[in-house]
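Start from the sequences, fold in the hints, and give me the full structure.
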Amino acid sequence: MKTTLVLAMTADGKIADVTKSPPTFGSKRDYAHLEAQMALADVILVGSGTLGDGGSAVLVQQPELIQARIDRGQPAQPPQIVASRSGKIDPQLAFFTQPIDRWLLTTKTGAKDWQNPDLFSKVLTCETADGRDIDWEAVKAQLLELNIENICFLGGSELAASLFAANFIDELWLTICPTIYGGSAAPSPVSGTGFSPDTAPKLVLLSADRVEQELFLHYQVQK
-19 MKTTLVLAMT
-9 ADGKIADVTK
1 SPPTFGSKRD
11 YAHLEAQMAL
21 ADVILVGSGT
31 LGDGGSAVLV
41 QQPELIQARI
51 DRGQPAQPPQ
61 IVASRSGKID
71 PQLAFFTQPI
81 DRWLLTTKTG
91 AKDWQNPDLF
101 SKVLTCETAD
111 GRDIDWEAVK
121 AQLLELNIEN
131 ICFLGGSELA
141 ASLFAANFID
151 ELWLTICPTI
161 YGGSAAPSPV
171 SGTGFSPDTA
181 PKLVLLSADR
191 VEQELFLHYQ
201 VQK
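Read in the working numbering, the sequence shown has 138 at position 158, and its numbers run on one by one without any break.
Any given hint could turn out to be false.
[Claimed, not checked] FRET-style restraints, in silico, Cβ to Cβ:
1. 95 x 195: 40 to 48 angstroms
2. 89 x 158: 27 to 35 angstroms
3. 50 x 197: 25 to 33 angstroms
Don't read these hints as lab results, they were simulated from the structure. Small disclaimer: the values here were computed from a predicted structure and weren't measured. Positions of the beta carbon are idealized from the N, C-alpha and C atoms, including for glycine.
Take a look at the structure:
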């Protein structure tokens, strides 16, 4: 199984402004790159906070990418997995009316309010022993049972911290965009409590491409 984190950030390391409004600093080229990575995935993974900020899921829209998925025997849109410890997600979000297969990844407590199959077709419960968090080793086991091999992770920053800590991320595609947001409260790609120099995830740069004013960096996470 391979998990790929795909994100864009400003030149000063922000993924949104202080209001956490949906980012607009990426170019059409960057969005096309995002779609291409999504189209290769068996499932898309996103944190409930990121979903709540945007209100809807990012979809594959390029006809040739959709057709390539269909030719491979995949659904036109990859299923979207929303990760939420608490299961507290607004059922009025536009996300729940989009033409996609929706899955919920949560704890047993978080799953209690989500038994309506019209909202989530699958509810995966993978919790730690104390029931307070998601057990990512258990997640891997469940997804492998469902024949999931390629996961595209789109954020957010709290979830990214948990996934890096659990060695769940294998690759990172990072676009650096020529914008400065600033703001101590503006989110960065990875938040949480942070890592010490000894435990910080280390990356190997696989490629670096400049397209006009943006840099497209591809990293492998050292295990």
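Tell me, which hint numbers fail for this structure? As far as the earlier hints go, only 2 is violated by this structure.
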